[in-house]
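As a plain string of letters, each chain reads:
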Amino acid sequence: MDTTNNKQRKQISAVFSFLFLSIIFSIQPLSAQDGAKLFKQNCAVCHTITSQKLVGPGLAGVAARVPNDAWLMKWIKNNQEVLKSGDAYAKKILAESNGMQMTVFADLKDEELKALVTYIKNPPKEVAPMPAAGAGAAAPVEKTVNPLAILLGVIAFLVILVAILRGLSHSLKNIKREKEGLPEQAKLTAWAELKVWMGNHKRTMVLIILYIVGGFLAASWDGMMGIGVYQGYNPSQPIAFSHKIHAGDNAINCQYCHSGVERSKTAGIPAVNVCMNCHKGISKGPITGTTEIAKIYDAAGWDPEKGAYTKPQKPIKWVKVHNLQDFVFFSHQQHVKVGKQDCATCHGDLTKMTTATQMQPLTMKWCVDCHRKTEVPGMKDNPYYESLHKKLSEKFKNLPKDEQVITVAKMGGIECGKCHY
Amino acid sequence: MKNTNDNGVTNTNSSPSGRSGGAVKYWKGLEELNNSPEFVQKAENEFAEQVPLEEFLGDNNLAIGGGTNRRDFLKFLGFSVTAASLAACETPVNKAIPYVVRPEEITPGVANWYASTYYDGNDYAALLVKTREGRPIKIEGNELSKITMGGTNARIQASVLSLYDSSRLTGPQSNGSSATWILTDKEIAAKLNSITAKNGNIRILSSSIISPSTKAAIAEFTAKYPTTKVVMYDAVSYSGIAKANEQTFGKSFVPSYSFDKAEVIVSIAADFLANWLSPIEYAKQYATLRRVSKEHTKMSKHFHFESNLSLTGANADEREPVKVSEQGKVAVNLYNAVAKLVGGATLSSSSLSCDATIAKAAKELVENKGKSLVIAGSNDVYIQLVVNGINQMLDNYGKTIDIENTNLTRQGDDADFTALVADMAAGKVDALITYNTNPVYTAPASLKFADAYNKVGLRISLADRADETASLATYICPDHHYLESWNDFNPKKGHYSLAQPTISPLFTQPRYEGTRQAQESLLIWAGITADYHSFIQKTWTERVFPMQGKYMMFAEFWNNSLHDGAIEVGTGDEVIKKEEKADDKKKGNKKEEKKEEKKEIAKVDLNDAAQKLNAAKGGEFELALYEKVGIGNGNQANNPWLQELPDPISKITWDNYVTMSPADMEKKYKLMKRQDREASIVNVTVNGVTVKLPVVPQPGQAKGTIGIALGYGRDKAGKLSTNTGVVGQNVYPFVQIANGTLIYASLDAKIESTTEVTELAGTQIHHTMMGREIVRVTSLEDYKKDPTAGNHPEMMYTNSGKVNPATLDLWNEHEKLGHRWGLTIDLNSCIGCGSCVVSCTAENNVAVVGKEMVMKTREMHWLRIDRYYSTNWPSEVAQAKEKADEKGVGSIDMYLDMENPSVENPKVVFQPIMCQHCNHAPCETVCPVLATNHSSEGLNAMAYNRCVGTRYCANNCPFKVRRFNWFNYNESPDFKINPTQDDLGRMVLNPDVVVRSRGVMEKCSMCVQRVQAGKLEAKKAERKLADGDIKLACAQSCPTNAILFGDLNDENSAITKLRKEDERNYFILEELGIKPTVSYLTKVRNCELETAEPAETKSEKKEG
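If you read the sequences in order, they're chains A and B.
Going by the working numbering, the first sequence opens with residue 1, and the numbers climb by one from there.
Going by the working numbering, the second sequence opens with residue 1, and the numbers climb by one from there.
If you're looking for bench data, these hints aren't it; they were derived computationally from the structure.
Computed from a prediction, not measured in an experiment: that's the story for all the values here.
Worth double-checking, as some hints may not be accurate.
[Claimed, not checked] No farther apart than 20 Å at their CA atoms in a straight line, the calculated lysine to any residue pairs in the SDA-like style are these:
| # | chain 1 | residue 1 | chain 2 | residue 2 |
| --- | --- | --- | --- | --- |
| 1 | A | Lys-391 | B | Gly-1073 |
| 2 | B | Lys-816 | A | Ile-406 |
| 3 | A | Lys-320 | B | Val-93 |
| 4 | B | Lys-802 | B | Asp-974 |
Turn these sequences into a full structure, and let the hints steer you where they fit.
Quick look at the structure:
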């Protein structure tokens, strides 16, 4: 009894303590981590966490400069009000930055402001190594042995085993013969013995040969089918641009840069001036520091010291990752705007990719397979498709449920003339 | 090999397929029919040549023992296959280079459209220019223009290719070598100044200038150099009309004509649908009165008198071939016939063979007084005077002829020009600036322009290339192409339009010295450095802006004008008043007198003119020069699209030639059997100039006359002539000067035959329909009685009696799900001008193949226009058969007999033929790889990358619309004429259409790229596709709106309604059960048809 009671009590207290802890954690104020995120989202365009000046002053040691934390929070939230109140320090800053005023962040909540201030006051020791360290940590885990080496090792082991066993068997046989008083049998060479064995196992040999020939043919077929298919193509680019940092960590919408995706057949590679929208302010990246971003400046003709476009422009020669054949017409707007397809369907999850990789084979089979099974989202609500949708629903209503789906193919989406002209 | 020869002959003769067998014989060609020894030898030895394997392998060691053995061959085969597959495995590295700063208006992959204007001194049209990634790739008509109303012609369609002409100069030239602008400007200014200082004469010779700003720029230039005078000269001149009007109305002008108000049109050799004055405008207007329906059975009546068979003559209801010398007499006799009916005084006359038609025309004209129009194409002032007289009697002025809002596109004055040449020859001209004209090429021989030109001290040409004139100039200051320039135009009083750059100049610094807008050059020499854009704005602020009352602010007015491209600003009275005020100041008070004069001069005495016209007498052959719809006056002779465009009548490409009546030819020359290919060469001498040209029999050509096209024989037009040799011969030297005007005819042309024979590249081998009803024709009278007249389906005999084959179907009908595209062509509106052919070429990246390939029937046009001459077919067929039986001639001769148009003046029909997108397409069923198949939207699609080139489909196509790429026209060095072989020329390609390679079949896709794009726009906007959202390239460019495209599954679309309601709708070769998607509307002629017989009797005859 006692023991069971005790057990129950322990269980209950464990549950309670877990609940308690989780509540504690959930109502815990925003941490410095969130401050970092907030800083990136709101401040990094104009300020650095170091003492380097961008548009606004560098923020290292700002806490010591300003009257107090409350003032700082007030200033971040609405610097206009602080200025209006006639604050002396505020006026001083304004004069220092040549009358250029800071953006108002009225939407920031108090906790967020606190988190921001905490982050600004306690900047991370070294900004750059964060993801690099991650990569380094990942490296030992990935230090796996090549499977081919394992296979070769196993084969070598087996060959040695066979050789030992053969020798063993030969010796045993001779010992037996010796016991029986027979003369010692000469040891055959391995090849001669194999020939004898093959002579005795003709059927097995035929099977083995067939297996080898079949394997060779299958391998050639695979190889031939792979000609022109560059799935996994991951070329190095002139600038080590990371999709992970932009689309993943900073959650920038794909369309911010690839703005043609809903308007044109091509999504478009952003012009350098699109990069400069943000990188005028952000001159240092988390992994590569300033070297890669300097390449953008070089292309745009931007002089970061003078803060002006003074140098000659040099277009960036990116390496195209997704190469579609010239004889196929593909339209991004049809798929993204009308078909409401997610970018990741074809391009994979770029928020996790450093450099863009061709994730899909981009073969016609791959296109057709998708067209065969995909129901067009938004077709029902688009007046363009109204009558077609009605007619097709009518046509397929007597089919089993899973065949009633109106796929792209059923709408004529796998006809030659839809893509080849 | 020799010994097989004799045996071969005997073998073939005794073979069962031989003639002696009496069975039906099919043969591949004349050679087989005649069993020539060469043919037999070839037939015995099917593989004409031994494959030179040693040469192919190229290694002597392997060839030891006199040959390569099979193993070696396999080794090489294996190696090359491996090498090829390894090469294919390598990942290609493609670069993607985005803009550094993307222009706001450019989204890669999306076309931008700019309104602009084309005017080259000849054709005028308001346009929309389609640009992709900053390159103009297609020209379309601007529907906002009240003049051209969205129409274009072949020459304008092709002008986008002239932009990417690498024969254009990339910078100024001084004495034939490259120079810099700074130096050139300095030298020219210095020379001009010294000429002005010694009071020397400076002349600007130009084609008609209709740009107010250009005139203003010239005014600035004249202010700086006061001895400057402008002489306007048009290569094909209309100053005869202006001169005649000067006599009739006291004011020199070319009037505006309204063919949409003219219910009776009499044209005396005026080719107003293709070349005369403003053909696009007139074709648009003309078509409005040619369209008929059950409800609207009124149709204009068109009489035509001419020597050559022109495009307009081919469209006429009643056409009379008359000699050149008789054209004036026709005018006089028509004058008399009308005068008799309205009770006016007659002129002295002579009788003509066509007097009956003239009387008929006069009767119709008088019945439609004020709703009729008489025009003459001749530049002879006397003819124009008589024509003015007829129009006055018919009360057409102010109704169908507008003498207030005059046509300003032709201002050339021949008398001024001849006077200028005389001055030049006399050394009285010190500087001559030529702008937009090429007189060394176009001037008549008698003027000896080149000699006179060389006597001018300072010769400046503003041409874009070193053409015939510019190459003799001291300085060439190359102008921009019109698609790179700013410009403004005033084609008619009250009508203004703008041209804006659609691409930044192709030739600019630092790579080239660069071209420069001609007007800017003039301004710079005048010491003004303003750019021409702001100069135009200044001119418009002063001149055009005050004429309109719609906008208060100039900026607003300018932006809207630029957006619309073409604007109308009332009648333009204000400016005229200003001008007249200025005139009054100069001339005192002459204005009042003039007005009084007008009324008096209206009764100008025509007897003198009539006498002169009646006195005209021709020699054995009279020559009439004409323009072709493609080459025109020859200013775009370097444009391969135009050279390959078949002439609408003769269907011959890449040449000009002598057209002659078949009767004359038979009398005088050996008539070639294959008229479309072989032609004997003759020497034609006029004005002491002899030109060697092939002669072609032309049905409808007036007996005793010949015709030759202008615009050919340009040796300095550009690189095209270096690749193909000079195309044709220049006949501008034949132009006569009489009574102060240039006459494009000669009454005495000497023809001398030679023994030489040449080949011509015609695209149509058959000239008649040989008894079939491919084009259905009826007369207006019959149509009024029965709307189905002329449109009777070929009936088919079945066990249940006679059945319309359209009702029979071997296959199931197609589902009616989404769209089902259809195309209907109104043969009544189609005038055969070829605008659609060039438009299709531009839209679909159709290759140019050159004369040699066209001769082998390998032209690539996706859309062709078939031209048929009428025959008395049932009798003709019967006769041909009888004759064949009697004389024992073969079928080829029999068919050739049937090919001869039956009458001297046959009726002509045009029929645009593109892929008919058959719903049960014969091509689809024979394709072994399913490269051609049917879409659910009713289109016959062609997947090029699937095609293996068996050509089964082309052989099985009843319409012969499939084109095979025999060679890699885009890369093979044999086809340098192809624009795609040129770095610049390639820029004209439409990026939405694949460029086809060797071994691939292609054909009309019904502009599937436009269909897909139109659908996508609707999908994106989440709306239903509206009728008319999609316009095919051919339909868009058609000046007469003959082509209608739409969705047959849409109950309310115009095409569904038309097909349902119009009894004229028919499908060609429907009896084959192929269910074409393209339909045609029966042609209705406003005349009696001599030869039409209903299909019923025909089939019964066949039965009997």
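In rising order, the numbers of the hints this structure does not comply with: 1, 4
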